[in-house]
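Whole structure, please, built from the sequences with the hints as guidance.
Residue numbers (numbering that gives the first Met the number 0), protein chains in the order written: chain Z, 0 to 302; chain P, 0 to 331.
Bear in mind the hints are in silico, worked out from the structure with no lab data behind them.
The C-beta atom is built at its ideal place from N, Cα and C for all residues, glycine as well.
Mixed in with the good hints there might be a few duds.
To be verified - Far from chain P, by Cβ distances over 12 Å, these chain Z residues were calculated:
1) Ser52
2) Pro64
3) Gly66
4) Ala83
5) Lys138
6) Leu144
7) Pro145
8) Gly149
9) Ala161
10) Ile168
11) His171
12) Ala185
13) Val195
14) Ile198
15) Ile261
16) Leu268
What the hints assert, rightly or not - The calculated label-pair distances, taken between Cβ atoms and stated as ranges, are:
17) Z:Ala164 - P:Ala266: 46 to 56 Å
18) P:Ser1 - Z:Glu276: 39 to 49 Å
19) Z:Gly147 - P:Asn191: 56 to 66 Å
20) Z:Phe288 - P:Ser1: 53 to 63 Å
21) Z:Thr94 - P:Phe125: 38 to 48 Å
22) P:Arg307 - Z:Thr94: 29 to 39 Å
23) P:Pro170 - Z:Arg101: 34 to 44 Å
24) Z:Arg104 - P:Pro273: 40 to 50 Å
25) P:Pro273 - Z:Tyr135: 24 to 34 Å
26) Z:Ala139 - P:Gly123: 34 to 44 Å
27) P:Glu3 - Z:Gly87: 49 to 59 Å
28) Z:Arg176 - P:Ile302: 50 to 60 Å
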Amino acid sequence: MNPQLIMDGLIAGAMIGLGAIGITLTYSILRFANFAHGEMISWGAYLALAASSLFGTLSGALLKPIGPFSFGWSLPLAVLVAVALTAGLALLVDTLLFGLLRKHRSAIIIMVMASFGASLALRSLLEFIFTSKPVYFSKALQIALPLGGGLRATPDQMLALAIAALLVIAVHILLTRTAIGRSMRAVSENQQLAGVAGIDVRKVIRTVWVLGAGLACIAGVMAGLLVQIRPYMGFDLLLPLFAAAILGGIGSVPGAMLAGLIVGLAEALGVQLIGAEWRAAVAFIILVFVLLLRPQGLFGRAE
Amino acid sequence: MSVELVAYVAFFLTMALTYAVMCLGLNVQWGQTGLFNVGVAGFVAIGAYVSALLTTPDAPDRFGGFGLPILVGWLGAALATGLASFLVGWLTIRLRADYLAIATFGVAVTVQLVALNLQSVTGGPFGIGFIPRPFANLAGDPLAFSLLNLGVLIVVVVLLYLALEHLLRSPWGRVLRAIREDETAALALGKNATRFRLQAFAIGGAIMGLAGATQAHFVGFIAPDNYVPLLTFQVWAMLIVGGSGNNRGAILGAVLVWGIWAASAGAIASLFPPDQQARAAALRIVLIGVGLCAILLLRPRGILGEERVVSRHLARLKPSHRVASRPTPPDS
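Written out as structure tokens, the structure is:
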């Protein structure tokens with residue numbers, strides 16, 4: 000067996016994990032499965048692409064590759080802009096749709112259905128603006144460096160893994176060590192009680208959207224940098240995201256990341272053993288086994 | 000009226016009625032029981048492929064082609080899809096409500112993948128052709144052919160409608176409604192909520208499979224591209240527009256939304272230059288997505304809405320009792 004599949008799996012898994020953190024947070028705090036989360040990944044990637052080419056036209060020096068990487072300073076700058084814009088988009092969708100449904104006291108399943116409608120609208124809007132043709136951050140080819148043990152990775156891939164690891168640690172610290180993190184966990188335990196105890200539930204909800212959308216945007220940029228940017232890129236990740244969120248245990252950030260890596264590695268293994276065309280079925284099989292054997296997930300609590 | 004126009008209207012209505020059958024199936028799952036199925040396209044596809052495999056003539060390059068009668072294909076489609084729905088439901092209905100949504104989404108993705116990749120059974124991306132059409136011997140006479148096919152679909156829809164209305168008003172249907180409105184109360188009365196939900200999910204799935212089969216036999220050709228998430232979304236829009244929980248609403252919504260859809264396709268073809276049509280088609284989906292969200296926000300009951308009281312026993316009570324026992328609206 001080719002050891003390279005471990006590297007491929009880890010990289011795909013890091014992207015799935017970052018996206019699954021957003022799913023698991025909206026699920027545990029807003030209490031619904033958000034089918035529109037994949038669109039935050041696609042929108043994040045396209046927004047970063049637009050901002051990056053804007054910076055590139057403003058100053059050509061920003062396009063010059065930084066050190067061993069395939070991109071210039073325009074991309075890191077664009078990521079900051081895109082994270083802010085994607086978070087803004089998530090807040091906008093919440094104000095126009097989910098917030099109103101919450102005010103009407105709609106059933107959870109109506110929220111799920113609304114997220115399904117929003118997902119279709121957002122995805123088709125991307126297709127309308129950018130067409131369905133794949134685009135890339137950079138056409139430059141990168142040489143994969145040997146890491147020992149038969150593993151190879153490009154500098155971009157190693158950077159993506161390092162950033163994913165840093166982000167997970169940062170989010171974990173945010174949730175466990177800060178005041179807003181404690182508020183988030185309190186709301187996830189019991190929203191009414193948290194509100195009575197003086198926690199600003201609306202601020203917590205805004206934080207959840209900003210955090211989830213920001214991480215989704217970064218996952219989208221990674222996917223765009225390492226693979227390609229398409230309107231369907233987020234939608235195609237949705238099933239792996241849900242599988243990872245449930246496998247990790249709803250509400251658990253380290254669980255979502257670990258489960259994301261597991262799903263990514265399983266997909267890479269599946270591609271090696273049965274062929275790339277069956278990749279999308281791997282997440283479904285994992286989902287079925289989790290629901291059968293341990294529906295509360297690895298780090299979740301039984302209800 | 001010219002013959003072409005009648006034939007076109009008959010074609011349009013036949014197609015709309017195949018969607019009406021899907022809507023009736025979804026109405027059993029969602030409208031009556033509150034089960035959220037995000038994989039309608041997958042279940043419809045199972046029905047279409049099973050019926051196609053059973054009824055097409057023997058094909059050398061793939062499995063099957065058993066050349067069985069069309070009715071056998073339709074029954075097989077309903078049975079196979081009902082069984083698949085039962086398995087998915089058995090796996091998820093005892094868990095959280097939206098795990099079913101996620102699992103059905105997975106089913107749709109996986110069915111699409113199998114249809115695309117399992118070439119030796121499904122014909123791969125090219126699909127299955129030469130699916131026998133009812134009254135194929137009359138194909139030379141477009142008017143008679145299209146009217147007879149429309150007749151077949153009308154019979155299917157009317158029979159289903161009568162059966163489902165009967166079920167809705169039966170003790171079984173009223174238990175489903177009770178579980179949806181107040182599960183704790185239904186459990187306290189000794190009703191096994193999980194079992195009733197599972198039965199409703201399997202019946203709804205079987206109807207979707209039947210819908211897929213009738214559509215496949217009407218069009219005569221199926222391919223994986225017919226069963227993308229957009230189909231799920233269209234069926235949902237039909238049910239929500241018509242009024243979920245109401246079988247007549249499901250049929251009305253199907254005809255109405257399919258009409259809007261077909262008309263907007265015509266408008267795009269005539270308004271936009273050929274190189275911009277793919278873009279305009281994407282915009283059409285955006286508008287319908289926004290429309291669905293708007294209906295959920297503004298008029299969640301749809302056009303017809305659900306009948307509040309279905310029990311004939313309650314109708315016999317005094318009006319004062321009836322007001323007191325009226326269930327709360329489900330969409331508040």
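Failing hints, ascending?
none
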